[in-house]
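Colleague: Sequences and hints are given; from them, build the entire structure.
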Amino acid sequence: MFLKTFQDNYPERIKFVFHINASVYYTTTMSVMKVFMATPLLQKIKAFGSEGWREALLEQIDAEVLPAFLGGKRTDPDGDPLCKSFVVHGQKVPEKYFFTNCEKKLSKAPDAKKVTVTRFSKEEVRLDVRLPGSFLEWEFETKSKDIGFGVFFKAGDARPVELVPKQRIDTCYGPERGLFKCLKAGTYTIVFDNSFSWMHPKEIYYRIRIRNPDEAED
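So that you can map any letter, position 162 of the sequence shown is 162 in UniProt numbering, and since no number is skipped, the others follow by simple counting.
There are no misleading hints in this set.
Each computed BS3-like pair below joins lysine-lysine, with the alpha-carbon atoms no more than 27 Å apart:
{"no.": "1", "residue 1": "Lys122", "residue 2": "Lys184"}
{"no.": "2", "residue 1": "Lys113", "residue 2": "Lys154"}
{"no.": "3", "residue 1": "Lys166", "residue 2": "Lys184"}
{"no.": "4", "residue 1": "Lys166", "residue 2": "Lys181"}
{"no.": "5", "residue 1": "Lys154", "residue 2": "Lys184"}
{"no.": "6", "residue 1": "Lys46", "residue 2": "Lys73"}
{"no.": "7", "residue 1": "Lys166", "residue 2": "Lys154"}
{"no.": "8", "residue 1": "Lys15", "residue 2": "Lys46"}
{"no.": "9", "residue 1": "Lys154", "residue 2": "Lys181"}
{"no.": "10", "residue 1": "Lys108", "residue 2": "Lys122"}
{"no.": "11", "residue 1": "Lys105", "residue 2": "Lys143"}
{"no.": "12", "residue 1": "Lys108", "residue 2": "Lys145"}
{"no.": "13", "residue 1": "Lys105", "residue 2": "Lys166"}
{"no.": "14", "residue 1": "Lys145", "residue 2": "Lys114"}
{"no.": "15", "residue 1": "Lys143", "residue 2": "Lys96"}
{"no.": "16", "residue 1": "Lys108", "residue 2": "Lys143"}
{"no.": "17", "residue 1": "Lys166", "residue 2": "Lys143"}
{"no.": "18", "residue 1": "Lys143", "residue 2": "Lys122"}
{"no.": "19", "residue 1": "Lys73", "residue 2": "Lys84"}
{"no.": "20", "residue 1": "Lys166", "residue 2": "Lys145"}
{"no.": "21", "residue 1": "Lys96", "residue 2": "Lys108"}
{"no.": "22", "residue 1": "Lys145", "residue 2": "Lys113"}
{"no.": "23", "residue 1": "Lys143", "residue 2": "Lys114"}
{"no.": "24", "residue 1": "Lys181", "residue 2": "Lys105"}
{"no.": "25", "residue 1": "Lys34", "residue 2": "Lys46"}
{"no.": "26", "residue 1": "Lys34", "residue 2": "Lys44"}
Ranges of calculated distance between the beta carbons of each label pair, as one might list FRET restraints:
{"no.": "27", "residue 1": "Ile45", "residue 2": "Lys143", "range": "40 to 46 Å"}
{"no.": "28", "residue 1": "Ile45", "residue 2": "Leu179", "range": "49 to 55 Å"}
{"no.": "29", "residue 1": "Ser121", "residue 2": "Phe98", "range": "31 to 37 Å"}
{"no.": "30", "residue 1": "Val88", "residue 2": "Met33", "range": "22 to 28 Å"}
Treat the hints as calculated values from the structure; they're not laboratory data.
Keep in mind the model is a prediction, meaning the values are calculated, not measured.
Just so it is clear, CB atoms sit at the ideal spot from N, CA and C, and this is done for glycine as well.
Modeller: What follows is the structure in structure tokens.
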């Protein structure tokens, strides 16, 4: 849908696309994409192996403008043919930008509890709140994959009321944390729901506690 909208309304946005050192996967992908692409747009896409692309580039870009490493004459003021002053080349991503998705913290915490939610099932953690204005605080992570999570409230014989809508949460980049102010006394239930999974059980590590109203929210 996006490709059709683009080529129908903005065909001149693309002048030419040069794919250099194209792999066999590119050929496979393009054979599928051709079905959805208009002929004028398809004609602007050029694919090359290891030869012929320099001559094709020079047909569209003046040699004085095209960087030397692409077959032109332009270099940096210091003579660098890679033209690093205005061309950003691929490089190693600094470690400070890495996600530590393999590092699980709660599984190593001595005060964390563990529960295994089997496939087609769910586990509940019930907490009785006696003082209105208390805070329900939670923190959890899964060993792998996602888990359904929700919070419910029940007063006496009344039907449970959903407080935090159930949603599937993936904790691959860090534990899920939350805080809810309990305006009424009663039973609050945290649900770990794996009823959607017909194959994988889920191993959950969690810490849940009730904070009194006189404790600071932060």
